[in-house]
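Taken in sequence, the protein lines are chains A and B. Numbering-wise (our numbering), the first sequence opens with residue 1 and increments by one. Numbering-wise (our numbering), the second sequence opens with residue 129 and increments by one.
Honestly, the hints are just simulated from the structure, not real lab data. Cβ coordinates follow ideal geometry from the N, Cα and C atoms, glycine included. Hints are not guaranteed to be accurate.
[To be verified] Pair ranges (Cβ atoms, derived):
no., chain 1, residue 1, chain 2, residue 2, range
1, B, F447, A, K11, 33 to 39 Å
2, B, V195, A, S66, 51 to 57 Å
3, B, G310, A, S66, 45 to 51 Å
4, A, N125, B, D471, 35 to 41 Å
5, A, G47, B, H446, 34 to 40 Å
[To be verified] Calculated from the model, a selection of chain A residues having no Cβ within reach of chain B, i.e. all distances over 10 Å:
no., residue
6, V4
7, K11
8, Q22
9, D37
10, D67
In case you want the letters, here they are:
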Amino acid sequence: MEVVDHYFYTKEHEWIHIEDDQATIGISEYAQEALGDITFVELPSVGTEVEQFEQCSSVESVKAASDIYSPMSGKIIEVNTDLEEKPELINKDCYERGWIAKLELNALEEQSKLMNAEEYRNYLNTLE
Amino acid sequence: MSTEDILKQTPLYQQHLSLKAKMVPFGGWAMPVQYESIVAEYDCTRHGCSIFDTSHMGEFFVDGDAVKSGLDFLVTQPIKDMPLKTCRYGVMLNEQGGIIDDLIVFRIEQERWLIVVNAGTMEKDERQFQKFIRPSEKFANRSAEFGKLDIQGPQSRALLNGLIPDIGQLAYYAFDHFDLLGANVLVSRTGYTGELGYEIYFSWDRTPELWDELLKRGARPAGLGARDLLRIEMGYSLYGHELEENICPLDAGLERFIDWDKDFFGKTALLKKKDSLDQQKIICFISESRRSPRQHHRIYDQNQELIGEVTSGIFSPHFKQGVGLGFVKKELAKKGDTIYFGDDKNKLPAEVVSRPIYKQGSLKS
Chain A
1 MEVVDHYFYT
11 KEHEWIHIED
21 DQATIGISEY
31 AQEALGDITF
41 VELPSVGTEV
51 EQFEQCSSVE
61 SVKAASDIYS
71 PMSGKIIEVN
81 TDLEEKPELI
91 NKDCYERGWI
101 AKLELNALEE
111 QSKLMNAEEY
121 RNYLNTLE
Chain B
129 MSTEDILKQT
139 PLYQQHLSLK
149 AKMVPFGGWA
159 MPVQYESIVA
169 EYDCTRHGCS
179 IFDTSHMGEF
189 FVDGDAVKSG
199 LDFLVTQPIK
209 DMPLKTCRYG
219 VMLNEQGGII
229 DDLIVFRIEQ
239 ERWLIVVNAG
249 TMEKDERQFQ
259 KFIRPSEKFA
269 NRSAEFGKLD
279 IQGPQSRALL
289 NGLIPDIGQL
299 AYYAFDHFDL
309 LGANVLVSRT
319 GYTGELGYEI
329 YFSWDRTPEL
339 WDELLKRGAR
349 PAGLGARDLL
359 RIEMGYSLYG
369 HELEENICPL
379 DAGLERFIDW
389 DKDFFGKTAL
399 LKKKDSLDQQ
409 KIICFISESR
419 RSPRQHHRIY
429 DQNQELIGEV
439 TSGIFSPHFK
449 QGVGLGFVKK
459 ELAKKGDTIY
469 FGDDKNKLPA
479 EVVSRPIYKQ
489 GSLKS
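Using the sequences and the hints given, assemble the complete structure.
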């Protein structure tokens, strides 16, 4: 199961890639595989303020719908509009082209509540 | 863990594991919901040839005259006029006219019948057969002897032709016995996908051999996820969704499978429902977007009034839109009407369409 080294992760299987005070978020390989073929992504609105671990988006797969929670607090500054027509990008490339939103972070210390790649790998092992 | 919690395994359990299927509980069995991708398995069934493990389903046998044995009284469809080697779909009712199960009756000989029932309802089906079939020893539940494979898709005939040269003679909803891998087996031209297809009843122990042979010949495995998608697009009912003990076949849109000229268990209650004003009907609908309806979503009319509930919903790769089935009050929601599905907070528009939703199936080709 692919886990990207310099990203951080939540127990709900979202990832965040932090670059200074901005970040990109998405869902992990584990999450996309568990969901199966993704058919719709409800993107957050640009300008929305989200709290850490608050619902910011949802994805639908063929058979089910599930909520996506923001790994950190901040303001949504960009969303991946490619997902509107091609939600399957998340299945194909969840860590790059399947990103969901970009955030302007306002509480960098929240990172301590997330797992780094090694911790997330260990966490995945406990789920099997 | 009690014994009830242990899921039963079909003869293909190891095959599913080695194909890395995602296994789920279904009707008391561990079943493959998908191998690699529900959408890919769906596409293969609509355009190529898929095989489904349906060994969990039940096979009941009754020996005797249609009426005297009690079988005709148990099911809603007419059976005594069935030609030999044909199948007929119908339902079995409780005393209140609700649906115990939907089933297919096969006339094997003048006085020999096969009845194929659902896995999750098999125990109560068996109780009902034991109660009504006379003499009782003329009924046998032989489900443990039979594995079952569904070969479905426009290429299924060509693929099976290599194993069964006479397969092309089989008409829709007919069956026959054929030599297959050295055994004499029952093959019917039936299915649950809307595509040309066959169902093979094979000995339990040798089912893996047949599975492997079909894979070798180019069929692809498909799971319950694709099966659900295919049947929803066709508007076919699934027990636990559109069919239940508290749903009558009139509400479920199954009146064409009822023979009102004969006597059957539950008929008195059903006749009362026929005259009642409190009737529901089943509708098919297509979401206006990629967002899909889900079971237990509510259905609203154009004035946002609650008129019913979604029983099945899924994303259709064909339409690239959500599709669904649901019950609404009978006088409401005609073909072409806009309805809304969802909950109090989020209501999404959809159009009511005629059944089947997917109209290009190769079923009768």
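Verification of the hints:
Between B:F447 and A:K11 the beta carbon distance is about 36 Å. The supplied range of 33 to 39 Å therefore holds. The supplied range of 51 to 57 Å is met by B:V195 and A:S66, whose beta-carbon atoms lie about 53 Å from each other. Take B:G310 and A:S66: their Cβ atoms lie about 48 Å apart, and the range 45 to 51 Å holds. Distance hint check for A:N125 and B:D471: the Cβ-Cβ separation is about 37 Å, which falls inside the suggested range of 35 to 41 Å.
At about 36 Å, the beta-carbon gap between A:G47 and B:H446 stays in the expected band of 34 to 40 Å. Non-interface call for A:V4 relative to chain B: holds, since the shortest CB-CB distance, roughly 23 Å, exceeds 10 Å. Taking the minimum C-beta to C-beta distance to chain B, about 21 Å, the non-interface status of A:K11 holds against the 10 Å cut. Every C-beta of chain B lies more than 10 Å from that of A:Q22, the closest at about 29 Å, which supports listing it as non-interface.
A beta-carbon of chain B comes within 10 Å of the beta-carbon of A:D37; the shortest separation is about 4 Å. Annotated as non-interface, A:D67 keeps its C-beta farther than 10 Å from every C-beta of chain B; the closest such distance is 13 Å.
The earlier numbered hint that this structure contradicts is number 9, and it is the only one.
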